[in-house]
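Residue numbers (this note's numbering), protein chains in the order written: chain A, 218 to 473; chain B, 4 to 268.
None of these hints come from the bench; they were simulated from the model. Backbone N, C-alpha and C define an ideal beta-carbon position, used for all residues, glycine too. Check the hints yourself; a few may be wrong.
Distance ranges between label pairs, derived from CB positions [claimed, not checked]: (1) B:ARG15 x A:GLU365: 35 to 45 Å; (2) A:ARG315 x B:VAL125: 57 to 67 Å; (3) A:ASN288 x B:VAL131: 30 to 40 Å; (4) B:LEU40 x A:LEU242: 42 to 52 Å; (5) A:ASP263 x B:VAL158: 44 to 54 Å.
Selected chain B positions facing chain A (in silico; Cβ < 7 Å) [stated by the list, open to error]: (6) GLU207; (7) TRP211; (8) VAL214.
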Amino acid sequence: MIQFEGVTKTFRQVAPGYGLKDRLLGRTPSVPRAPQGSLSSPMVNDGVLTALDDLTFEIGRGEALAVIGRNGSGKSTCLALAAGVIKPTSGNVSIRGRVSPLLALGAGVHPDLTGRENVELNGVLLGLTRREIRQRFESIHAFSELDEFINQPVRHYSSGMLARLAFSVATHLDPEILIVDEVLAVGDAAFAQKCYDRIKSFRRDGLTMLYVSHDVHSVIDLCDRAVYLDRGRALAEGDPREVGQQYYADQGMTLG
Amino acid sequence: MFGRMPLALPRRIEYARDLLAVMVLKELRVRYKRTVLGYAWSLLQPLAFAVVYYLVFKMFIRIDTGDIDYSLFLICGLFAWQWFSNGVGTSTTALISNAQLITKVRFPRVYAVMSGFMNDLVHFLLSVPVILAAVYLLGNGGRISWLWWLPILLVIQAVLVLGLALILSVVTVFLRDLERLVSIGLVMLFHLTPVVYPAKIIPESFRWMIVANPMASLSICWRDAWINGQVELTLLGVAAASAAVVFAVGVALFAKLQSRVAEVV
């Protein structure tokens, strides 16, 4: 399960080109002004950007929660905090269970290594030992549908093949918590469907899931609850269909 | 089979070992996969430089290294220097070049630094047979007392290199200029370190530089150990003390700054 308690995350903005010279000369960085008018641009004060502002929610065991919101509303920060990559400025994030971050798809893939070598590298980075990967290799290989390409350097792969490799590794981790970030937009239609089915079967097995997407239809299909983020605050929380409708309405659209 | 193997490692330790192994393998494979000569480069580079230094310092400047053959003199110092220089030089980008990973996956950041460090350590170990061959072919041979000093010097230099790597990798994330400063600094330090010339030609008034620069005392020790099978204990102590200080600073700094790396890198 995942618990966010009064989580605030701020980032100090770094001005482009601010280096040693400016630091030695005692210049303060001049931060470009973010447009303040639009609905979802994050709050910036004195070069400090507030990505999440006192956010509280909880995902119980076996529950699936979706986070929706426009670009810059704090969704990615949410995921990075849940994945444990960054720490909150204040508040508390607690995670119990083995996390498989599907947001990390292909993060550790190196173009000069073969598919097989990348399976090992990524599997270990995501928390398996080499022995466990060897045991699962055949299953990963079969799911990826890469056949003999598995022994080719990844730089010869198409982007769809790369996504298949990464997704195959990520779903073979025995996760207890799945963190999913718009991964379904990869590969061809058939493989996207296969990924979607895989996530659904994870859900049937009672996995906890944190899901981020712009696609409200998949949110309604996959999740029990939804949180609507705007400028780092939760505008609404509850039934995915109702929250999705409000999100659409705010953008002058209607949910079909 | 027969159930759990009695010698199986606890999973945490097995995992730590495997994480280090795949990171080191990645570095090794990536560094050499597309080169023809592969690992041989780690030997060819210092040997090629040795030829040039021999030409310049022995033939042109006629440097005096007493009864020690100058090519042996070079080989006994250059490999250790190359280890230091590569280890420190690549550490500045250890975290930056793994930005993709660091911003997406939660793994102990120190492994990104450790993998580069291990890589350079392995390369130095691979060059040991070459140094040994040179000692036997070009030296007066027959001494095996270097055996005692080899692991001691190895540990001191490893601690020094790892300490500097921890400092430089994490500070470079916040101050990118360091990458340039370090590559310039290494070339400067090379000239101030008695690697291609003996320490005795340094005038008395500049001798403090040997104490101030841990690689100076280490270079002298390496050469003494390989060629004469003994080292000057004062110099060894100086090198060990500075390595320990650098390492302590490195660990403290890395521990303090590592949680912010993912936000900045």
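Mind checking the CB of VAL214 of chain B against every CB in chain A and telling me if the closest is under 7 Å? Violated, because the Cβ-Cβ distance from VAL214 of chain B to chain A comes to roughly 29 Å (cut-off 7 Å).
> Regarding ARG15 of chain B and GLU365 of chain A, is the given constraint of 35 to 45 Å on their beta-carbon distance met?
Replying inline: The hint (35 to 45 Å, Cβ to Cβ) holds, given that ARG15 of chain B and GLU365 of chain A are roughly 36 Å apart.
Notebook entry, point to check: Regarding the hint that GLU207 of chain B lies at the interface with chain A, is the smallest CB-CB distance below 7 Å?
Noted result: violated (35 Å)
| query | Is 42 to 52 Å a correct range for the gap between the Cβ atoms of LEU40 of chain B and LEU242 of chain A? | reply | holds (46 Å)
| request: Double-check TRP211 of chain B for me: the hint is only fine if its C-beta lies closer than 7 Å to a C-beta in chain A. | output: violated (28 Å)
Taking the CB of ARG315 of chain A and the CB of VAL125 of chain B, does the distance hold inside 57 to 67 Å? Because 32 Å falls outside the window, the suggested range is violated.
**Asked** Using the C-beta atoms of ASN288 of chain A and VAL131 of chain B, is the stated range 30 to 40 Å upheld?
**Response** violated (55 Å)
* Between ASP263 of chain A and VAL158 of chain B, does the beta-carbon spacing fit 44 to 54 Å? -> At roughly 48 Å between Cβ atoms, VAL158 of chain B and ASP263 of chain A fall inside 44 to 54 Å, so the hint holds.
Hints 2, 3, 6, 7, 8, counting from the list given before, are not met by this structure.
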